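Chain A is already provided as a structure; the job is to place chains B and C on it using the hints.
Those protein sequences? They're chains A, B and C, same order as listed.
Just add 530 to wherever you are in the first sequence, counting from 1, and you've got the numbering used here.
Just add 51 to wherever you are in the second sequence, counting from 1, and you've got the numbering used here.
Just add 1 to wherever you are in the third sequence, counting from 1, and you've got the numbering used here.
For the record, the hints were derived by calculation from the structure and aren't laboratory data.
Source: prediction; values computed, not measured.
Mixed in with the good hints, there may be bad ones.
Each computed EDC-like pair below joins lysine to aspartate or glutamate, with the alpha-carbon atoms no more than 16 Å apart [unchecked claim]:
{"no.": "1", "chain 1": "B", "residue 1": "Lys224", "chain 2": "B", "residue 2": "Asp275"}
{"no.": "2", "chain 1": "B", "residue 1": "Lys224", "chain 2": "B", "residue 2": "Asp251"}
{"no.": "3", "chain 1": "A", "residue 1": "Lys808", "chain 2": "B", "residue 2": "Asp275"}
{"no.": "4", "chain 1": "A", "residue 1": "Lys663", "chain 2": "A", "residue 2": "Glu714"}
{"no.": "5", "chain 1": "C", "residue 1": "Lys53", "chain 2": "C", "residue 2": "Asp33"}
{"no.": "6", "chain 1": "A", "residue 1": "Lys808", "chain 2": "B", "residue 2": "Asp251"}
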Amino acid sequence: MTELATPQSHSSAPPILVSLRGLTVSFGSGPSQVQVLHGLDLDVHVGESLGMVGESGCGKSVTWLAALGLLGAHAQVQGEFRLAGDRFDGLNDRALSLIRGRRIAMIFQDPASALNPVHRIGQQLVEAVSLHKGLRGQAARAQAVRLLDQVHIPNAGQRFDAYPHELSGGMNQRIMIAMALAGEPDLLIADEPTTALDATIQAQILDLLTEVRRDQGMAMVLISHDLSVIAQECSRVMVMYAGRAAEIAATDNLFRTAAHPYTQGLLSCVPDVASPQKRLSAIPGQVPEAGRLPQGCSFEPRCAHSMVQCKERVPTLLPVAPDHQVACFLTAP
Amino acid sequence: MTTLLQVQTLSKHFQVRVPEGWRQRKATLRAVDGVSFDLQAGQTLGLVGESGCGKTTTARLVLGLTAATQGQVLFNGQPVESKRDATWRAQRQNMQMVYQNPLGALDRRLNVISQVLEPLLIHGLGDSLSQTEQAQELMASLGLPRPLWYRFPHELSGGQRQRVVLSRALILKPSLLVCDEPVSALDVSIQAQVINLLQDVQERLGVAYLFISHDLKVVRQVSDQVAVMYLGHIVEQAPPNQLFSEPFHPYSQALVSSVPSLWQGQNQKRHILQGDPPSPLSLQSGCVFQNRCPHAQSICRQVKPRLTPLNPERHIACHLFAENPRPSAVPGEARS
Amino acid sequence: MMRFLVIRFFRGLLTLFLVLSFAFLILRSTGDPAMLIMSADAPPEALEAFRKGWGLDAPLWQQYVGYFKNLAHGHFGYSMRDKSPAMDLVLARIPATLTLALPAFALKLLIGISAGVYAALHRNTWIDRLLISMSIAGYTMPSFVLGLVLVLIFAVGLGWLPSGGDATWQHAILPVITLSLGGAAVLARFTRSAMLEVMGQPYIRTASAKGLVWHRVVLHHAMPNAAIPTLTVIGFMIGSLIAGAVVVESVFSWPGVGRLLVTSVANRDLAVVQSLLLLVATTMVTANLVVDILYGWIDPRVRTGQAAQGKTA
Numbered sequence: 531m532t533e534l535a536t537p538q539s540h541s542s543a544p545p546i547l548v549s550l551r552g553l554t555v556s557f558g559s560g561p562s563q564v565q566v567l568h569g570l571d572l573d574v575h576v577g578e579s580l581g582m583v584g585e586s587g588c589g590k591s592v593t594w595l596a597a598l599g600l601l602g603a604h605a606q607v608q609g610e611f612r613l614a615g616d617r618f619d620g621l622n623d624r625a626l627s628l629i630r631g632r633r634i635a636m637i638f639q640d641p642a643s644a645l646n647p648v649h650r651i652g653q654q655l656v657e658a659v660s661l662h663k664g665l666r667g668q669a670a671r672a673q674a675v676r677l678l679d680q681v682h683i684p685n686a687g688q689r690f691d692a693y694p695h696e697l698s699g700g701m702n703q704r705i706m707i708a709m710a711l712a713g714e715p716d717l718l719i720a721d722e723p724t725t726a727l728d729a730t731i732q733a734q735i736l737d738l739l740t741e742v743r744r745d746q747g748m749a750m751v752l753i754s755h756d757l758s759v760i761a762q763e764c765s766r767v768m769v770m771y772a773g774r775a776a777e778i779a780a781t782d783n784l785f786r787t788a789a790h791p792y793t794q795g796l797l798s799c800v801p802d803v804a805s806p807q808k809r810l811s812a813i814p815g816q817v818p819e820a821g822r823l824p825q826g827c828s829f830e831p832r833c834a835h836s837m838v839q840c841k842e843r844v845p846t847l848l849p850v851a852p853d854h855q856v857a858c859f860l861t862a863p
Numbered sequence: 052m053t054t055l056l057q058v059q060t061l062s063k064h065f066q067v068r069v070p071e072g073w074r075q076r077k078a079t080l081r082a083v084d085g086v087s088f089d090l091q092a093g094q095t096l097g098l099v100g101e102s103g104c105g106k107t108t109t110a111r112l113v114l115g116l117t118a119a120t121q122g123q124v125l126f127n128g129q130p131v132e133s134k135r136d137a138t139w140r141a142q143r144q145n146m147q148m149v150y151q152n153p154l155g156a157l158d159r160r161l162n163v164i165s166q167v168l169e170p171l172l173i174h175g176l177g178d179s180l181s182q183t184e185q186a187q188e189l190m191a192s193l194g195l196p197r198p199l200w201y202r203f204p205h206e207l208s209g210g211q212r213q214r215v216v217l218s219r220a221l222i223l224k225p226s227l228l229v230c231d232e233p234v235s236a237l238d239v240s241i242q243a244q245v246i247n248l249l250q251d252v253q254e255r256l257g258v259a260y261l262f263i264s265h266d267l268k269v270v271r272q273v274s275d276q277v278a279v280m281y282l283g284h285i286v287e288q289a290p291p292n293q294l295f296s297e298p299f300h301p302y303s304q305a306l307v308s309s310v311p312s313l314w315q316g317q318n319q320k321r322h323i324l325q326g327d328p329p330s331p332l333s334l335q336s337g338c339v340f341q342n343r344c345p346h347a348q349s350i351c352r353q354v355k356p357r358l359t360p361l362n363p364e365r366h367i368a369c370h371l372f373a374e375n376p377r378p379s380a381v382p383g384e385a386r387s
Numbered sequence: 002m003m004r005f006l007v008i009r010f011f012r013g014l015l016t017l018f019l020v021l022s023f024a025f026l027i028l029r030s031t032g033d034p035a036m037l038i039m040s041a042d043a044p045p046e047a048l049e050a051f052r053k054g055w056g057l058d059a060p061l062w063q064q065y066v067g068y069f070k071n072l073a074h075g076h077f078g079y080s081m082r083d084k085s086p087a088m089d090l091v092l093a094r095i096p097a098t099l100t101l102a103l104p105a106f107a108l109k110l111l112i113g114i115s116a117g118v119y120a121a122l123h124r125n126t127w128i129d130r131l132l133i134s135m136s137i138a139g140y141t142m143p144s145f146v147l148g149l150v151l152v153l154i155f156a157v158g159l160g161w162l163p164s165g166g167d168a169t170w171q172h173a174i175l176p177v178i179t180l181s182l183g184g185a186a187v188l189a190r191f192t193r194s195a196m197l198e199v200m201g202q203p204y205i206r207t208a209s210a211k212g213l214v215w216h217r218v219v220l221h222h223a224m225p226n227a228a229i230p231t232l233t234v235i236g237f238m239i240g241s242l243i244a245g246a247v248v249v250e251s252v253f254s255w256p257g258v259g260r261l262l263v264t265s266v267a268n269r270d271l272a273v274v275q276s277l278l279l280l281v282a283t284t285m286v287t288a289n290l291v292v293d294i295l296y297g298w299i300d301p302r303v304r305t306g307q308a309a310q311g312k313t314a
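Bound-form chain A, shown alone (with noise of 0.2 Å):
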């Protein structure tokens, strides 16, 4: 099993801990079938913090949902998946559920609606630790609550019969972290957790993300439209662009010498609360609707560096500099 090729490949890089290659996701069938990712590589080392970053219809979220079979039956799922070496792409939803939660956890946007509204909180805590660790009644009530510390509930004990409508946005995101980290997962994926959350709320909730990636030496994968979350709360970054991986690079690297123009782009039009005022530069045009993507590059339609060959051929992930890559003609001929 090869790394993604990197020149860079010193022994100090932790090992890989998941490895998709070729993820092709489609939706639909025959003449109104769309593809929404286009053979997609990605690996996840050891304890490391990715983010993935991207507007609407990139794909991000659909990578890691489509690797964990949730898709559901609609969707064509095609790729290499590998967790610690072993495949896992292909398998059934009973031989996927011993992965889901136990080594891969996933939490979601709007905690709100993404916990059940009719059982209590500590009831769907007791679920995941007992499935996970098979304890069972007053033992697994105990770890739940413990798990409720974990992640700073306070009154863990009597907030353990409420139901989720009862709680505000933050403490429901809070319940859905304890709830991934019941099975001591190897990975965490984060999608958007905290879009839906206030401004105070998400720098607790990121902060806690933090700690609680520390204390288990767990990776994550952070999902996010948010260019400077991103920023602050992982180490390489992942650009993604109409279901194609556009740049991946160490976060600095991204930030300071970002070489993919969509990169550019999105860095110069999103304004920032530390840097000088100045007027922000849109990029033109709009992302391209996912069953209607231009032959060639995807970007090349919006991007003022575009050659003839961009119109022509797709461009593929290629090291411009160590722990660099971009998908571009300009810069990786």
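Here is chains B and C on its own, set in the frame of chain A:
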């Protein structure tokens, strides 16, 4: 510069029923409580705060869409009433609103140009030919090319729809535009386009904006003055570069530091607030922020601080700043 | 909660009052009990005597008030046909109707819910489409048509089952099936859409992501939520258990409450009809009340009331 909008000790209280055990208790929900600010013509006032702070209610009060419990709104020196009479309708020509969800704000059955023309038709301005000309000119200047004029909202992208909403709002050449989360539902690259557009329009037409958002980055970009709201009160008001580089009010500090910055990356100083925002139902004497304030003193629990000017540009409602306009020690300096 | 129950209770009483008043007036506005119960060619003096004896010659408002006064004392009147107490007649027939209604109800739930859930989980497959078409056929077909068709096939054609009467348990089979299919069809449709709506919710994805196996996600997480809207339909079904039996009992000559209603209305046997309607209305009102209470039990959001957190902006 003339003062276009004057808001004076504006309050909106709702009487609600709170379930409590077997029965229901009557309570007062103070959505907006004693808010005052001014907006000059052609300027932008940004209103920020988290959910429950009262910013949307303030917007509705300013536009006269709902009646104030106390206080008043003066627009061009004239009071803004909420009765739907002829005066109110005439005032609509001068003040308009732009919403968060452009698809919801547009009529699905009418094509773009019909919706942009509609305000002209309602107020009976000009004849059919000049109306159409005005609409076409405005749409073109807002980046809506001719092919889109006869399309329907669901055939347009999010950014295009927001331009349509903007055209419809601007066709009457209002002097005030209230924007309630106008870019929150858009992709980041489209947000930038719309923000630039709003700024261009302001330069060209001299429209004043009351810009409401929970996204501090966007507010900083577009505003001349920013007011921070918490539980129905304005706690601090200042120009954006002052507010964001050196927030004074403890809540502003927490709010500003909660926004991750690309440029500071992982070295950012953080003031993390504990707990959740309390509900606007619970009443207590003193400052609304006392429960989460790291600097709360006994006076804070008894007396509600008033919004007082520290300097002509900066106002703050906090007892820490009550005595001297220039505080000797800005709280939070050696904090992480 | 208490306040809620008390309000519903009084509303229920009001409903009963309105139903009974309506029935009272309608029944007396057409047809003449005297002519229907005694034969049409009875001598006019006999008819007069009959009317006088039953108080039918008094002004309408007097009869109305008198009726409710008696009701308040627990007197439900007498049958004009055989002079026995009306309510006793009605109550005597209930077991027969329940013999049909209860198994039919159980069948409705069983067939309807399983078909609905199965269709939802296999959406857009051939089996889903088949179930939908069958359910459309089921609830558009009038029950007497269904009943007669079944009789034609199984009783007349195949001779497997009897066509009428209530002598043996085999006599109950066709009526129970007829009674249950229409309701099962409606329930299947309803359950299917409730399930589809629930399965699209984010918390179902969370449950799967937790590592729960599929059948646990469906049974434990999806179905309790889908039960909430389905409960309304089921409650309505309970309420109309007795009323629904009317047609079926007539088709199959089953001596239950429904048949009694048909014959009593035809004869304008006023007290019996009124007692029957009182029974049906009470059942429906009680069923609705039970459903409302169950809602609170199943859906915690209804219990605690949603507005309390003050989420205005």
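Hints, verified against the model:
no., hint, in the structure
1, B/Lys224 / B/Asp275, "violated (21 Å)"
2, B/Lys224 / B/Asp251, "holds (14 Å)"
3, A/Lys808 / B/Asp275, "holds (13 Å)"
4, A/Lys663 / A/Glu714, "holds (9 Å)"
5, C/Lys53 / C/Asp33, "holds (13 Å)"
6, A/Lys808 / B/Asp251, "holds (14 Å)"
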